Amino acid sequence: MALVLILLPIVMAALAAAIPSNRWRPRLLPVTALVHLATTVAVLAGRGPAIAVDYLVLDPPGRIVLLQISVLFALCSFYAVGYLRYREEQSNRVFCACLLAFLGVASLVTWAHHLGLMWVAIEASTLVTAPLIYFNRTQRSIEATWKYLLVGSVGIALALLGTFFLAYSALHAGLDSGLTLEGLLEHAPRLSKPWLRAAFVLLLVGYGTKMGLAPMHTWKPDAYGEAPGVVGAMLAGGVTSCAFLALLRVWHICHAAGEDAYTSQLLLFMGLFSIAVAGVFMVGQRDFKRMLAYSSVEHMGVLVVGLGIGPAALPGTLLHVLTNGLTKGVLFLSAGNIHRAYDSKSTDVVRGAMRRLPLSGTLFLAGFFAITGSPPFGPFVSEFAILNGAFDSGRFLTGAMFLFFLLVVFIGMGTTVLKVVQGRAPEQVLGTAYRDGLLTGAPIVVLMLLVLMLGLYIPPPLTALLDDAARFLEQRP
Amino acid sequence: MANLLDSLLVIVLVMNLFALGTSRIQALIRIVGAQGALLGIILLLVHEHRTLPVVLVAAAGVAIKGIVIPAIMMRALRQAEIKREVEPLISPLSSIVLGATATAFAVLSAGQLPLVDQNEGALFVPTSIATVLVGFILLTTRFKALTQVVGYLVLENGIFIFGMLLIEAMPMVVEMGVLLDLVVGIFVISIIVNHINQAFSSLDTRRLVSLKE
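Listed in order, the protein sequences are those of chains A and B.
Taking my numbering, the leading residue of the first sequence gets 1, the next gets one more, and so forth.
Taking my numbering, the leading residue of the second sequence gets 1, the next gets one more, and so forth.
The set of hints was computed from the structure by calculation and includes no laboratory data.
Given the structure is predicted, the values throughout are model-derived calculations rather than measurements.
All residues carry an ideal CB built from backbone N, CA and C; glycine is no exception.
Any given hint could be a false lead.
If you only want the chain A side, here are some residues facing chain B, beta carbon under 8 Å, derived [unchecked claim]:
| id | residue |
| --- | --- |
| 1 | V120 |
| 2 | F164 |
| 3 | G178 |
Quick list of the computed label-pair ranges, beta carbon to beta carbon [to be verified]:
| id | chain 1 | residue 1 | chain 2 | residue 2 | range |
| --- | --- | --- | --- | --- | --- |
| 4 | A | A464 | B | S202 | 34 to 42 Å |
| 5 | A | S91 | B | A63 | 30 to 38 Å |
| 6 | A | R27 | B | V116 | 34 to 42 Å |
| 7 | B | L98 | A | G284 | 36 to 44 Å |
| 8 | B | A63 | A | P459 | 20 to 28 Å |
| 9 | A | L439 | B | I67 | 27 to 35 Å |
| 10 | B | S210 | A | L407 | 42 to 50 Å |
Some chain A residues near chain B, calculated using beta-carbon distances under 8 Å [stated by the list, open to error]:
| id | residue |
| --- | --- |
| 11 | E123 |
| 12 | Q139 |
| 13 | S153 |
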């Protein structure tokens with residue numbers, strides 16, 4: 001099963017690179033995505049081993065991220081077919097191959113139970129997504145790709161150093177555990193504390209760069225702003241989820257080692273700082289795709305705050321991985337449609353999207369309400385659960401700051417979004433060719449319905465999955 | 001053996017300072033390539049038991065860090081038709097002074113770290129920290145895209161030195177994965193560098209300023 005999930009997309013990527021027809025190639029995306037989704041559901045339903053080889057184990061947190069990425073990718077793959085039809089003049093060979101390869105390496109991240117292997121997979125996810133940002137071949141997209149590659153590579157190099165420090169903390173304690181998650185968890189209380197703490201800082205900075213936590217978020221607005229909408233959705237809902245999973249694993253080891261007091265300080269600071277920075281840059285933001293990037297910075301902050309609060313907020317944090325990932329899909333895909341219809345992403349030109357593109361405009365507005373935590377959507381439930389966790393564990397100041405910053409974000413993001421959707425569209429954009437179609441519309445509707453469903457009703461298997469994951473992460477040896 | 005290893009690690013440190021002192025990009029790429037190859041040789045000498053994984057990783061390290069990556073970068077350099085780093089943020093001489101300070105700091109601070117007995121007194125940890133710091137100096141004070149990539153490679157070399165203490169803890173799959181990621185990374189970066197050169201007629205990353213708030 002693991003081999004299907006990891007290797008099939010990579011084989012399909014090679015196939016995509018070999019197919020000469022620009023028209024047929026994109027169809028590999030939905031085919032691969034549906035097989036991947038079906039396999040994922042089968043594994044999650046227990047119809048297949050969750051252990052492949054020594055280093056490949058699908059544990060409960062891995063299941064959640066795998067499910068989220070597989071669902072998001074499946075819907076994005078249909079959208080991508082529609083999108084690439086509008087861009088037929090340009091070769092999509094690299095685009096399709098890299099998108100498929102990303103699905104493979106993301107699956108590897110969720111299965112990897114060796115911290116070194118997980119690092120390799122996350123670095124690979126940086127490399128396969130870089131050409132996607134460069135799809136438009138403009139000066140601005142080169143600049144964005146360069147920043148993404150350089151900042152991302154340096155960050156991830158620090159994460160490698162942190163991984164080595166973690167291995168050294170085991171070596172120093174005279175343990176023969178290597179870097180497998182099982183070994184490290186089992187011997188966690190005996191790990192050498194100074195090395196473990198240093199490792200945590202480096203891994204937080206390293207994987208935090210990949211997640212886009214402030215102040216390492218500088219690549220994010222550029223990359224998300226210049227990448228096509230569907231790539232933005234995969235970056236904000238896929239790459240960041242993988243990086244968060246990596247951080248979650250490191251947190252798990254520190255938690256098992258009894259280092260909660262140390263880690264939670266750092267996590268709470270980074271998380272609240274990220275939400276605050278996102279809020280500051282969102283107020284008065286005129287580029288609506290950059291605004292979405294800051295929204296992603298904000299929600300990575302929310303996840304890290306949830307982790308910093310500790311076990312009380314874990315179920316909410318894990319649910320937030322799902323709700324944030326899917327809502328980001330709605331926002332980036334509808335923003336991509338609006339961008340195409342107006343040929344601009346500045347609110348100076350983009351107005352009246354509800355009239356020009358009734359479907360995408362409405363979904364963009366609904367996505368905004370969802371991501372800012374308005375009921376009855378999914379993120380409301382998960383953010384509320386995180387807030388509850390903060391108050392339950394007596395962190396009133398954290399809870400209050402969290403609420404205040406979310407309010408700032410709501411106001412800042414709301415101003416920009418309302419400018420985009422309301423009013424009258426300028427005359428010159430009424431003539432552009434783009435209209436909402438089935439392939440570029442329906443996937444967003446499905447994503448939006450999923451987000452709505454998570455807010456109203458969480459199916460029992462999913463509840464069981466979340467409980468399993470929370471229990472798995474709380475256990476100490 | 002310990003003496004030989006320490007002298008080789010000192011050569012690594014000296015190479016760091018040479019890298020900081022040169023403004024010719026071609027020389028810079030050669031120095032970093034030589035440093036990478038040297039690290040592969042050191043890896044062979046560190047372990048008394050030269051098991052197959054150790055030999056393979058060392059051979060791959062020499063081939064990739066010493067030959068493949070310098071070749072990719074030289075190609076990018078030829079296509080870009082530039083020769084030297086003009087006007088770095090700080091002069092080569094001040095960079096050397098800064099690098100020497102960083103090295104001294106690394107040696108002093110490594111003395112404070114709790115180390116496994118067999119690593120006590122050896123130069124591995126200080127060399128690793130110093131090389132990482134020098135990588136950061138190169139990354140932040142140089143503006144040519146290719147020089148920044150060299151900075152990243154020096155940083156990676158520093159991490160590789162630390163990894164030598166742990167070769168038993170890392171399965172070969174992972175070591176090879178790290179090296180493969182590095183090659184592919186440099187390959188992708190070189191392509192982007194080439195595109196930067198075509199689109200901006202320069203490799204000066206200070207021109208990449210159209211995206212900001």
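Results for each hint:
1. V120: Given a least distance of 3 Å, the restraint on A:V120 holds.
2. F164: At about 5 Å, which falls below the 8 Å cut-off, the nearest Cβ of chain B leaves the hint on A:F164 intact, so it holds.
3. G178: Given a least distance of 4 Å, the restraint on A:G178 holds.
4. A:A464 to B:S202: 34 to 42 Å: violated (57 Å)
5. A:S91 to B:A63: 30 to 38 Å: Holds - the Cβ-Cβ distance for A:S91 and B:A63, about 32 Å, lies within 30 to 38 Å.
6. A:R27 to B:V116: 34 to 42 Å: violated (55 Å)
7. B:L98 to A:G284: 36 to 44 Å: holds (39 Å)
8. B:A63 to A:P459: 20 to 28 Å: violated (52 Å)
9. A:L439 to B:I67: 27 to 35 Å: violated (47 Å)
10. B:S210 to A:L407: 42 to 50 Å: Cβ of B:S210 to Cβ of A:L407: about 33 Å, so the range 42 to 50 Å is violated.
11. E123: holds (4 Å)
12. Q139: holds (5 Å)
13. S153: Because about 6 Å separates A:S153 from the closest Cβ in chain B, which is inside the 8 Å limit, the hint holds.
In terms of the numbered hints stated before, the structure departs from hints 4, 6, 8, 9 and 10, listed from lowest to highest.
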